[in-house]
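**Q** Here the protein sequences line up with chains B and Z, keeping their order. For what it's worth, the numbering used here labels the leading residue of the first sequence as 1, then goes sequentially. For what it's worth, the numbering used here labels the leading residue of the second sequence as 116, then goes sequentially.
Hints listed in this document are in silico derivations from the structure and should not be mistaken for laboratory results. No residue lacks a Cβ here, since even glycine has one placed at the ideal position from N, Cα and C. Where hints are given, some of them may not hold.
[Unchecked claim] List time: in silico DSS-like cross-link candidates among lysine-lysine, alpha-carbon distance up to 25 Å:
#1 Lys11/B to Lys171/Z
#2 Lys211/Z to Lys57/B
#3 Lys103/B to Lys171/Z
[Stated by the list, open to error] Label-pair distances were calculated between CB atoms; the ranges are:
#4 Arg22/B to Ser197/Z: 43 to 49 Å
#5 Glu118/Z to Val12/B: 29 to 35 Å
#6 Ser7/B to Ser141/Z: 31 to 37 Å
#7 Glu85/B to Pro196/Z: 21 to 27 Å
#8 Lys171/Z to Gln111/B: 18 to 24 Å
[What the hints assert, rightly or not] Here are some chain B residues pointing at chain Z (derived, C-beta under 7 Å):
#9 Val12
#10 Gly16
#11 Phe45
#12 Asn101
#13 Gly109
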Amino acid sequence: GAGVSQSPSNKVTEKGKDVELRCDPISGHTALYWYRQSLGQGLEFLIYFQGNSAPDKSGLPSDRFSAERTGGSVSTLTIQRTQQEDSAVYLCASSLYGGVNEKLFFGSGTQLSVL
Amino acid sequence: QKEVEQNSGPLSVPEGAIASLNCTYSDRGSQSFFWYRQYSGKSPELIMFIYSNGDKEDGRFTAQLNKASQYVSLLIRDSQPSDSATYLCAVTGWGKLIFGQGTELSVKP
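The following block holds chain B by itself, in its conformation from the complex:
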């Protein structure tokens, strides 16, 4: 695709429910990143994929959070038993090779609201 696509753009859920957030990176980009941005805060790193592998999961806040990537393309971030503190914008980004000097291309994010 022309850019990084995320869906849904907005998600309102009740506390305790599970949610799935989807990211479709730029075609051909091997690296994919998930960040979380709370209101008025910077970007908090969650997880990084190189191909289908996740060499760095260090940012996942708890075991309620998981992510997978299939076919070296689409990624899904799953939050189980959502809590109010999970409310944030979840941003996905991709880069061509995953090199530390590379520019990240961001999607428009998913605004998650947990009531």
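Position chain Z against the provided structure of chain B, taking the given hints into account.
**A** Relative to the frame of chain B, chain Z by itself:
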């Protein structure tokens, strides 16, 4: 100590002035430094990157890096109201890109 620190602002400058945005980082091994701009409600976009000590200029933007002091800055000359946004400093550290909390810039006409 946060890995990447920025003043949250808001930083307010008059139109036409120089805006100076600062960032410090804790990982001495960091090699790459980025400035992203984020308009309200939008996703971040890259505006500058710098790898070597010194200055790097691109139009009205100048990035400055001092690895000895673990300090990187962004200067915006002839600031315009359209420059009003949050500026995020990002540093490669521990194998990943780490963002600061951002500095909100407001350019007043």
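**Q** Next, verify each hint and record whether it holds.
**A** Hint check:
1. Lys11/B to Lys171/Z: Measuring from Cα to Cα gives roughly 41 Å; hence the hint is violated.
2. Lys211/Z to Lys57/B: With a Cα-Cα distance of about 11 Å, the restraint between Lys211/Z and Lys57/B holds, given a limit of 25 Å.
3. Lys103/B to Lys171/Z: 17 Å, holds
4. Arg22/B to Ser197/Z: 43 to 49 Å: Violated, at about 32 Å.
5. Glu118/Z to Val12/B: 29 to 35 Å: Given a distance of about 32 Å, which is inside 29 to 35 Å, the answer is holds.
6. Ser7/B to Ser141/Z: 31 to 37 Å: 36 Å, holds
7. Glu85/B to Pro196/Z: 21 to 27 Å: Since Glu85/B and Pro196/Z have Cβ atoms about 35 Å apart, the given range 21 to 27 Å is violated.
8. Lys171/Z to Gln111/B: 18 to 24 Å: 34 Å, violated
9. Val12: Check failed: Cβ of Val12/B comes no nearer than 17 Å to chain Z, outside 7 Å.
10. Gly16: Violated - the Cβ of Gly16/B stays beyond 7 Å from chain Z, reaching only about 28 Å at its closest.
11. Phe45: Check passed: Cβ of Phe45/B comes within 6 Å of chain Z, closer than 7 Å.
12. Asn101: Status holds, d = 5 Å.
13. Gly109: Nearest chain Z Cβ about 6 Å off; hint holds.
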